[in-house]
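*Asks:* Here's the letter readout for the chains.
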Amino acid sequence: MIDLSEFLKKMLTAPGLSGYESPIREILQEAWAPLTDGLSVSKIGSLHGLKRGQGDTPRRKVMISAHMDAIGMMVTHIQDSFIRITEIGGIDHRILPGQPVIVHGREELPGVVVQPPGHLLPESVGDGPVEMKYLLVDVGLGPDELAKKVRVGDIVSYAQMPLELTGEALAGHTLDNRVSVAATTLCLEALQNRVHDWDVWAVASAQEEETLGGAFTSPFDIQPDIAIVIDVCFAKGPGASDWQSLPFGEGVGLGYGPNIHPALYDAFEKKAKELEIPYHRDLMPKMSGTDAMAVQIVAEGIPCAVIGIPLRYMHTPVETVSLKDIRRAGRLMAEFIADLKPDALDHINWEE
Amino acid sequence: MTENQKIQASNIPTIGDRQIELLEKLCNASAVSGDEQEVRQIVLEEIKPFADEIKVDALGNVLATKFGRGENRVRVMLAAHMDEIGFMIVKKHDDKLFQFERIGGIDERQLPGKAVLVGREHLPGVIGAKPIHMTTADERKNKIPVDALRIDLGPEIGEKVKPGDRATFATRFKRFGPSIQAKALDDRFGVAILIELLKHASENIDLLAAFTVQEEVGLRGARVVAYRFDPDMAIAVDSTPAYDLPHWDDEDQNVQYNTRLDAGPAIYVMDRATIADRRLVTLFSDAAQQEDIPYQFRQPGGGGTDAGVIHKTRAGIPSISVSVPSRYAHSAIGLARVDDWANTLRLLDAALVRVTPDLLAGERRG
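As given, the protein sequences belong to chains A and B, one line each in that order.
Mapping of the first sequence onto this note's numbering: position 188 corresponds to residue 189, and the numbering continues sequentially without gaps.
Mapping of the second sequence onto this note's numbering: position 212 corresponds to residue 1302, and the numbering continues sequentially without gaps.
The following block holds chain A by itself, in its conformation from the complex:
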């Protein structure tokens, strides 16, 4: 059994920004090797783990897609002792001033995001928020050392240390979406002692935050019959109280909307009820904002379910999650998969 909190903290130490996933992928290769029958890496950098089913061949295939890439920043310019940056993925510039970061130059350079004083900014900024193009990163080196160690295009990752809060809550950066990778790992672990007919393809996908590159390409390789996309969803908290947010730590989200096959939604809902796993219908009236946006339309189209793990403060360095919900998501996926009969696909249809 993995220690969930320790495993998550280990994953959070690996940057793995979109397009630069190898550090996190290497951790997962180690974690998934004993849980799968084989691992491979796609051309775009996603990790595929196959756990074979026990049904007769040809077996049906279920794919779990959890993106492993992280949001972050990239160096755009070096000015004397300072670095200018742009974003990888969506970052609200208002949360950046004073953040600890690591600049991945010729070596790892710890630094801080700096909001320059008003007199060094355009007058229009006033005392309002400072746009990312005016922010700086300071790694505490002089101009000569900095020029030797950092180049335009180097990546910059969050460096906030994870914090254990009360009630099995964990705060840190990049919980979006390492919590889903953790849930997928728990699912693989639970399946070790279960008979399952279908082949299971676990995918830690690349580039969700920028291009959905992993989600477009892995299903093409794998050709799954159905896909379970797992990602974080919004938890209620300061600034997030309306219908888009689910209660924190009180169950998983089951995505509902055009990216999700309704029969798969129904099947997951039925399974959650049967197992008494608390869940909430997570309304996604248009796009789900997950890998499912791509997976659904690969090749001839793939039926998708979307599982959500409620997360507070998404895309900040203090994202907060309940470990309980990660365990629930892992268990729900494992039970759903173990229960897939060879003819299950017959029931994933449009015969309402």
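Please keep in mind that the hints were generated in silico from the structure rather than gathered at the bench.
Here a beta-carbon is modelled for each residue, glycine too, at the ideal position from N, C-alpha and C.
Don't take each hint at face value.
[As the list claims (entries may be wrong)] Quick list of the computed label-pair ranges, beta carbon to beta carbon:
{"#": "1", "chain 1": "A", "residue 1": "E277", "chain 2": "B", "residue 2": "A1238", "range": "35 to 41 Å"}
{"#": "2", "chain 1": "A", "residue 1": "K149", "chain 2": "B", "residue 2": "K1402", "range": "46 to 52 Å"}
{"#": "3", "chain 1": "B", "residue 1": "N1101", "chain 2": "A", "residue 2": "V153", "range": "38 to 44 Å"}
The hints should help you fit chain B onto chain A, whose structure is shown.
*Replies:* Just chain B, lined up with the frame of chain A:
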């Protein structure tokens, strides 16, 4: 002092592992104005074997005296404040999240997305922010208001935190290259320097070390310490901002830098609260030149130190401030150079050994 008088060589140590460890301990401690207990404990432990007299006064200031030897010793007070900016928990809401007030000058733009430590037990918490996905472009043109922010310590915090508890940024001390990255360098640099000076006090003076409270909420500790010590002169040892950053268009020159890193200790001539006694300015700049210690004059302008109240105490006390330059004061992470710290310690020592009764014998003049 005439030129042919020999200056007694100083035995002040340079900044080594022991000094850095102490600064780390001081910076990682929580001591928000009005609740300086953690730093006070460290200070008392450190100075006990070295000071001749130690007293904690009614406000919580630590007053430590190290007597010199010989006749006509000048009574020199050195002040460094123990307190730091931070937060007080003011209300627990129904959703188990805590509302807080800022203590000291903290730019509200520095708050969202930060980790904090709450109360004497240093319970970890976070100040989150609304997910960017739920914001509009217009919304992002405005600051996130403080009253929309909460401290989140997890769903089972229960009664472990209550209104009145203080909180600080959770930043841990870090050394990298020539620099230090830490919270509360303002003014744990000063505290660390005073401890070092007490341990290696020069014998020509009575050294009156004031580890003060409540500087960040109005220089309140220093006022009563100065009254009680009744010194002949005073030096506030603090950390002052270095705004030595590039202008946004990378072309215009930044001429309002206050101080610069790598340029050595900052000698104050004038700030918002104090016009330094010129005799003391000269004492410091001469000492620096004679000892070949890099130094800079802090650009005259705003800001203030404990000297702002000390110089007007009783019938007036000749005062000056000397600071370690550091970037990003009053935010989660400050950044400064080890060399600037070391040179500030050297300069203070060099100036103190040059203090004689003659220095302040005449009328104040520029």
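*Asks:* Taking the CB of N1101/B and the CB of V153/A, does the distance hold inside 38 to 44 Å?
*Replies:* 49 Å, violated
*Asks:* Between K149/A and K1402/B, is the Cβ distance one that fits in 46 to 52 Å?
*Replies:* Given a distance of about 50 Å, which is inside 46 to 52 Å, the answer is holds.
*Asks:* Does 35 to 41 Å hold as the CB distance between E277/A and A1238/B, or does it fail?
*Replies:* 36 Å, holds
Hint compliance for this structure: hint 3 alone is broken.
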